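Chemist: Chain by chain, the residues run as shown.
2 protein chains.
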Amino acid sequence: MKYRYIFVLLVLMTNLVSAQEDESVFIKKIFDNALTNQQAYHNLEYLCTNAPGRLLGTENSLAALEYMKQYFEKTGADSVFLQEFRTPAWKCDSSSVFILPASGKAIRLHSDALGPSPSTPAEGIMAEVIEVKSLAEVEKLGKEVISGKIVFFNRKWDPTFVRTFEGYGDAVDQRAHGPEKAAEYGAIAAIVRSVTNSQDYFPHTGSTRFNDQKIPAIAISTLDADLLSETLIQEPKTRVNVFVKAEDIPETTTFNLIAEIKGNEKPEEIIVIGSHIDAWFNTAGAHDDGAGVVMTSDVLRLFRELNIKNKRTIRIVIYMDEELYQSGGKAYLNYVKEKAEKQYLALESDGGAFTPSMFTVDAQIQVVERISRFQKYLEPYGIDKIKAGWGGVDIGPLKEINVPLMSYGTDSQRYFDMHHSANDTFDKINLRELQLGIGCITSIIYLIDKYGIE
Amino acid sequence: MKYRYIFVLLVLMTNLVSAQEDESVFIKKIFDNALTNQQAYHNLEYLCTNAPGRLLGTENSLAALEYMKQYFEKTGADSVFLQEFRTPAWKCDSSSVFILPASGKAIRLHSDALGPSPSTPAEGIMAEVIEVKSLAEVEKLGKEVISGKIVFFNRKWDPTFVRTFEGYGDAVDQRAHGPEKAAEYGAIAAIVRSVTNSQDYFPHTGSTRFNDQKIPAIAISTLDADLLSETLIQEPKTRVNVFVKAEDIPETTTFNLIAEIKGNEKPEEIIVIGSHIDAWFNTAGAHDDGAGVVMTSDVLRLFRELNIKNKRTIRIVIYMDEELYQSGGKAYLNYVKEKAEKQYLALESDGGAFTPSMFTVDAQIQVVERISRFQKYLEPYGIDKIKAGWGGVDIGPLKEINVPLMSYGTDSQRYFDMHHSANDTFDKINLRELQLGIGCITSIIYLIDKYGIE
Numbered sequence: 004m005k006y007r008y009i010f011v012l013l014v015l016m017t018n019l020v021s022a023q024e025d026e027s028v029f030i031k032k033i034f035d036n037a038l039t040n041q042q043a044y045h046n047l048e049y050l051c052t053n054a055p056g057r058l059l060g061t062e063n064s065l066a067a068l069e070y071m072k073q074y075f076e077k078t079g080a081d082s083v084f085l086q087e088f089r090t091p092a093w094k095c096d097s098s099s100v101f102i103l104p105a106s107g108k109a110i111r112l113h114s115d116a117l118g119p120s121p122s123t124p125a126e127g128i129m130a131e132v133i134e135v136k137s138l139a140e141v142e143k144l145g146k147e148v149i150s151g152k153i154v155f156f157n158r159k160w161d162p163t164f165v166r167t168f169e170g171y172g173d174a175v176d177q178r179a180h181g182p183e184k185a186a187e188y189g190a191i192a193a194i195v196r197s198v199t200n201s202q203d204y205f206p207h208t209g210s211t212r213f214n215d216q217k218i219p220a221i222a223i224s225t226l227d228a229d230l231l232s233e234t235l236i237q238e239p240k241t242r243v244n245v246f247v248k249a250e251d252i253p254e255t256t257t258f259n260l261i262a263e264i265k266g267n268e269k270p271e272e273i274i275v276i277g278s279h280i281d282a283w284f285n286t287a288g289a290h291d292d293g294a295g296v297v298m299t300s301d302v303l304r305l306f307r308e309l310n311i312k313n314k315r316t317i318r319i320v321i322y323m324d325e326e327l328y329q330s331g332g333k334a335y336l337n338y339v340k341e342k343a344e345k346q347y348l349a350l351e352s353d354g355g356a357f358t359p360s361m362f363t364v365d366a367q368i369q370v371v372e373r374i375s376r377f378q379k380y381l382e383p384y385g386i387d388k389i390k391a392g393w394g395g396v397d398i399g400p401l402k403e404i405n406v407p408l409m410s411y412g413t414d415s416q417r418y419f420d421m422h423h424s425a426n427d428t429f430d431k432i433n434l435r436e437l438q439l440g441i442g443c444i445t446s447i448i449y450l451i452d453k454y455g456i457e
Numbered sequence: 004m005k006y007r008y009i010f011v012l013l014v015l016m017t018n019l020v021s022a023q024e025d026e027s028v029f030i031k032k033i034f035d036n037a038l039t040n041q042q043a044y045h046n047l048e049y050l051c052t053n054a055p056g057r058l059l060g061t062e063n064s065l066a067a068l069e070y071m072k073q074y075f076e077k078t079g080a081d082s083v084f085l086q087e088f089r090t091p092a093w094k095c096d097s098s099s100v101f102i103l104p105a106s107g108k109a110i111r112l113h114s115d116a117l118g119p120s121p122s123t124p125a126e127g128i129m130a131e132v133i134e135v136k137s138l139a140e141v142e143k144l145g146k147e148v149i150s151g152k153i154v155f156f157n158r159k160w161d162p163t164f165v166r167t168f169e170g171y172g173d174a175v176d177q178r179a180h181g182p183e184k185a186a187e188y189g190a191i192a193a194i195v196r197s198v199t200n201s202q203d204y205f206p207h208t209g210s211t212r213f214n215d216q217k218i219p220a221i222a223i224s225t226l227d228a229d230l231l232s233e234t235l236i237q238e239p240k241t242r243v244n245v246f247v248k249a250e251d252i253p254e255t256t257t258f259n260l261i262a263e264i265k266g267n268e269k270p271e272e273i274i275v276i277g278s279h280i281d282a283w284f285n286t287a288g289a290h291d292d293g294a295g296v297v298m299t300s301d302v303l304r305l306f307r308e309l310n311i312k313n314k315r316t317i318r319i320v321i322y323m324d325e326e327l328y329q330s331g332g333k334a335y336l337n338y339v340k341e342k343a344e345k346q347y348l349a350l351e352s353d354g355g356a357f358t359p360s361m362f363t364v365d366a367q368i369q370v371v372e373r374i375s376r377f378q379k380y381l382e383p384y385g386i387d388k389i390k391a392g393w394g395g396v397d398i399g400p401l402k403e404i405n406v407p408l409m410s411y412g413t414d415s416q417r418y419f420d421m422h423h424s425a426n427d428t429f430d431k432i433n434l435r436e437l438q439l440g441i442g443c444i445t446s447i448i449y450l451i452d453k454y455g456i457e
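As they're listed, the protein sequences go chains A and B. For reference, each letter of the first sequence is one residue, going 4 to 457 in my numbering. For reference, each letter of the second sequence is one residue, going 4 to 457 in my numbering.
These aren't lab readings, by the way, just hints derived from the structure by calculation. The structure presented is a predicted model; accordingly, all values stated were derived computationally and were not measured. You can take every hint at face value.
Intra- or inter-copy, both count: the list cannot distinguish identical chains.
Straight-line distance between alpha carbons at most 16 Å, and here's what the computed EDC-like set of lysine to aspartate or glutamate pairs gives: (1) Lys314 - Glu457; (2) Lys314 - Glu268; (3) Lys152 - Glu131; (4) Lys32 - Asp161; (5) Lys240 - Glu134; (6) Lys265 - Glu344.
All chains, please: the whole structure from these sequences, using the hints.
Modeler: Following this line, the structure appears as structure tokens:
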């Protein structure tokens, strides 16, 4: 009896070990395909080259959706459709910042308006500049000093944060809330140092929040911010001209793009993977987030080519408008609620196509633990951690209906050199780093579907 | 008694915990310095811009040594000196490969001679081409087919290797031993597909080994290799012209550069850290291995600025000639043996300045285990592994006298896109990735010196 027990145990263990081995072999197949296929890379080249500046409401944003729609159709999705919704939008035609020294020639800085900055008059806004390093400093200086001036937010990125997303989190309040704060204290425009650790001439734009009171708001490159700061030390009364030509669009029609492979056992349980196709007006949006679009979309190709029989429905959602008003994610939640669909899990990729490093999971601890058990299969490919953490902006609204969220994380050192700037171009994409990302995302979705997260 | 015992244990544990905390605080100081200082970055810019193509025996190799010598002197090394030695050398003046179609114009390919290729006659070598995928195929085809021909080694890099150094190891035999094998079978020249996964027009050179019989040997870019291969399918009798103007130099005088901070307690025990300053004639040598030079050299600056009182002598060795004959490492071993010095440990950095990933240790298992206990301090900065593995080419000879060897390992995905080619330029260096490397190398050396490896 005792021996029989041990025998049964041994058989069970052998099955377990060989199941694990089989799974490793299959995961290797996924990566072999990912590392030898360049479809996603070519898709990204198309988006960057033929449809840069894919901001909500632009022709390029629609061209990009159309391209991806055709890609899904020819790759064999069971269904592909556009989810229409209406939302406010904004567009920027042009902008400039000039330093106007008391003596000498005007100096044009490298600048891009923040979204949704209002326009200046055609001749721009000309005024003295107050340099500050924080929102608190605006409060401290008070209305008497700030009123009628251009406020220049110039606190540098702190390079001692090892994870650059922490550095970004520490620095971004100047861009996100600086102009609002300056307006509150009577400023007539705001200039913001680009939120990057990079020393270069690329202005990095991004979204800024306003109360009722809006003032023109514009980012300048870090090297130009240093120049402006030095100029103000030499000549504190130096005036600057800020010009923005932009337009609020009260409402426009736009779309999320949805493509599916139906599940074989539980088609009503939907695993959502996706990323955002919009990109600021000044950029090709290669890492942010064309890369996410083509990596998550490639999961469909891989499932088809490897003939994976998914239990649940795998749905790729290409979100519009992560950048400006985050309307795509909200619209998708509305869609899901209307249809009363069950979203089994949602995964987002919005950290660029760098070497894989981790998945983070925003869910109940048991779910985090269950998913982290898949880590062993992905360690050979660079996934050193699967842990509790950030989900994503586009999938964030799904929290309302308790969907477990996940984010694909990459080596972050280079991301903010390019983020929201004209530096975020296709040549910054490394083929292998993109391919490894595709392998990681496909593998985790395959494992989640096969073994479940309960 | 029992309680007193527990009390003592608690005090001991508290001390232990706080020692660990203190150490983490100090490691953070090292990184704070590394992440805010750009001296190494500027040193690398100098090397790449003012002294590219630093091959053994060139003026630029000496200019690079002189620059680093001055850097060490002004950074406060206790001693700085050049270790002179004599060794054979080789130089390449120019080279070319032309496809000569039966009809139509000659097509010039992107090529660079392998070192130490002999010269061709001034008019080049013109012959039919035999494409092979392996050394074994040369043997199989035999002298009758190979004799009098140009052999074209065109096996592609296998992209399914996740670690690119494994991909390199799998592919490099064509370059390292292909021409030798071709010569053995009577070939009159050898063309080698560049050893890279990158699809581009950069020829990647490197060293090739010869027996007595030498034939001109040259690398062409991967895209040109594809073109040549397609051409041969269309017109198998297509002839190619290979031209090389190069020169063997029987003996030359060159140097390793040595800089030290004397130890305070055990100055006779020497911790050696270093990398190689030479770079192929066709490249700025930014990642290979200017990056290693400036990162390891920066340890000296950090020890001085943070006022670290090292027990042992910290010696930075900048090796000449890793690329061609590996003569610098051998010369350094000779120096150590002559002086009967004790080398406590040797660390090399020759994997580029990418995001940190690991240290590998080539030593007795107890030493590996001892060093791997420092991993916890470096995990926040990207060092996920300290494990048994590769030491380095330059420090390799020290194995003869049983020196524990270590290598600094980085994310390897991009390395071979640039390796040994004109693509390995300063703009491919990411400031933060370089700075993180400096922090990691300085920290591990600090810990090894402070706590020992026994």
